[in-house]
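> Given next are the chains, with one letter for each unit.
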Amino acid sequence: MTLHIDSERCQGHGRCYDLAPDLFGDDDEGFGKVLGDGVVPASLEREARLAVANCPERAIALDEES
Amino acid sequence: MTVDDRFARDFRETGADEPLGTRNEIITGPVSDWTTDFSHLEPQWAADPYLIQDDLRQHCPIAHTDRFGGGWLPTRYEDVAAVAYDTERFSSRSIIMGNFRPPREVAPIGGSPPISSDPPFHHDARKLLLPAFTKTAVARQEPATRAFCDALIDGFEARDVVDAAHDYAQHIPMRVIADMLGFPPEDGPRFREFVENTLEGVNLPPDERIARMTRLFDYLLAQVHDHLDNPRADLTTYLINAELYGRKLEADHVAGTMALLLIAGIDTTWSAIGASLWHLAGNPEDRRRLVADPSLLPTAMEELLRAYAPVTMARLVKGDMHWHGADMKADDWILLSFPAANRDPAQFEQASEVVIDREINRHAAFGLGIHRCVGSHLARMELRVALEVWLERIPEFSLADPAAVTWSAGQIRGPRSLPLRIG
Numbered sequence: 000m001t002l003h004i005d006s007e008r009c010q011g012h013g014r015c016y017d018l019a020p021d022l023f024g025d026d027d028e029g030f031g032k033v034l035g036d037g038v039v040p041a042s043l044e045r046e047a048r049l050a051v052a053n054c055p056e057r058a059i060a061l062d063e064e065s
Numbered sequence: 000m001t002v003d004d005r006f007a008r009d010f011r012e013t014g015a016d017e018p019l020g021t022r023n024e025i026i027t028g029p030v031s032d033w034t035t036d037f038s039h040l041e042p043q044w045a046a047d048p049y050l051i052q053d054d055l056r057q058h059c060p061i062a063h064t065d066r067f068g069g070g071w072l073p074t075r076y077e078d079v080a081a082v083a084y085d086t087e088r089f090s091s092r093s094i095i096m097g098n099f100r101p102p103r104e105v106a107p108i109g110g111s112p113p114i115s116s117d118p119p120f121h122h123d124a125r126k127l128l129l130p131a132f133t134k135t136a137v138a139r140q141e142p143a144t145r146a147f148c149d150a151l152i153d154g155f156e157a158r159d160v161v162d163a164a165h166d167y168a169q170h171i172p173m174r175v176i177a178d179m180l181g182f183p184p185e186d187g188p189r190f191r192e193f194v195e196n197t198l199e200g201v202n203l204p205p206d207e208r209i210a211r212m213t214r215l216f217d218y219l220l221a222q223v224h225d226h227l228d229n230p231r232a233d234l235t236t237y238l239i240n241a242e243l244y245g246r247k248l249e250a251d252h253v254a255g256t257m258a259l260l261l262i263a264g265i266d267t268t269w270s271a272i273g274a275s276l277w278h279l280a281g282n283p284e285d286r287r288r289l290v291a292d293p294s295l296l297p298t299a300m301e302e303l304l305r306a307y308a309p310v311t312m313a314r315l316v317k318g319d320m321h322w323h324g325a326d327m328k329a330d331d332w333i334l335l336s337f338p339a340a341n342r343d344p345a346q347f348e349q350a351s352e353v354v355i356d357r358e359i360n361r362h363a364a365f366g367l368g369i370h371r372c373v374g375s376h377l378a379r380m381e382l383r384v385a386l387e388v389w390l391e392r393i394p395e396f397s398l399a400d401p402a403a404v405t406w407s408a409g410q411i412r413g414p415r416s417l418p419l420r421i422g
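Protein chains in written order, with numbering that gives the first Met the number 0: chain L, 0 to 65; chain V, 0 to 422.
A couple of the hints might just be wrong.
As the list claims (entries may be wrong) - The list that follows gives simulated cross-link-like pairs (lysine-lysine, DSS-like), each with its CA atoms no further than 30 Å apart: (1) V/K328 - V/K247; (2) V/K317 - V/K134; (3) V/K126 - V/K317; (4) L/K32 - V/K126; (5) V/K328 - V/K317; (6) L/K32 - V/K134.
Stated by the list, open to error - Covered stretches of chain V, as calculated for chain L (at least 3 residues, CB under 8 Å): (7) 35-45; (8) 122-132; (9) 359-366.
Rather than coming from a laboratory, the hints here were simulated on the basis of the structure.
Note that the Cβ used here is the ideal one computed from N, Cα and C, for glycine as well.
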């Protein structure tokens, strides 16, 4: 399971790094970024899904296959 | 030291050949029919806009008015989002729906960049501000904000009834933004006047409105001069020195952005803090739950922001078009109601109820698209700290007189008088 942020859609609301700080961080302008390689450990699946479901811009994709 | 001649003369002196914008007849008084005559400045709207918006969403999802020279009010989430994302057809050259439209020539910069700007200029003007308003940057204001909230509550002393809007909520964002801009903290009461003039004085006669805006820009110009003489590490000095396209910002860009930060930073957050306390005062089960479990606050806060989103924006239609069933004309207003979007049952389950532990909450309180509130991280910090301190110090409180609660009219909605019985 892998997370991606669509940087065209992200506007820096920061819901992802508020809700899942182990999976997301912010850049110098407050836009969200996926930490590391974006692979979600099983223990953080709930946080990953929360971040996806709360992004106001629908900018986060969770690829279940990878 | 060379004098910065951008500010040597009054930057507002314009040539006689510059376009002046257009004014329309001011129409006030009771609304006859909300589908054809809406106004966000009448007492019925201020008292409860949600009933009106819910009814419109069901029967006339894009309402119209001939007031303000003509405008539209979308109430479905889907339509509000579509307007927010469509900067090709909807301009931000004015974002306060009133009786004056600035000339088209002010686009794409507008009077208070970047909120008044359209692409492509918007991106560059916004980029200048973003680093100062990241979650990390605003965290530096948190200790002072917390100490200030504590000091305000210390000031309640032995009173058993306090006005949480007047004696608490309003002071917090005033102090924070004054610190960030480097303005004297004791000027707070003047900021309140500027805010009310800009956002609630929309239907005043033009001369009066211009005179009041002049007082705001006189004040800002005095602050600029003080910062030119005594540069310091704050946003005013930052804006004076900031560069865009290889040169320093125009004087009216500097002043317009200062005005934006001052006005937009104050009664928005003041309203969010006040509305949250109002809800908790009237819903003891939610209040007790938060007092017992402070870790619920970040989730609860998002729900309070959804249900009582303080900010409504506006756009101007760029050209005549048939849009989602409405025959829009060039320069019609769009009243862009994020509060209405946030209560759309097509987007949210139990949309009209406050569900204090709602986990899935894709609300639009800070807008959508390129104009996402630049101060959203600051606002969330202030709201969280204000509620944390209040709930810790005053876990027991209730509405002292529900009928005495008053709400602001216009595009920013929050309690302006909120008597609470404490202790």
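> Confirm or reject each hint.
Quick rundown of the hints versus the structure:
{"no.": "1", "hint": "V/K328 - V/K247", "result": "violated (37 Å)"}
{"no.": "2", "hint": "V/K317 - V/K134", "result": "violated (35 Å)"}
{"no.": "3", "hint": "V/K126 - V/K317", "result": "holds (25 Å)"}
{"no.": "4", "hint": "L/K32 - V/K126", "result": "holds (17 Å)"}
{"no.": "5", "hint": "V/K328 - V/K317", "result": "holds (8 Å)"}
{"no.": "6", "hint": "L/K32 - V/K134", "result": "holds (14 Å)"}
{"no.": "7", "hint": "35-45", "result": "violated (count 0)"}
{"no.": "8", "hint": "122-132", "result": "holds (count 4)"}
{"no.": "9", "hint": "359-366", "result": "holds (count 6)"}
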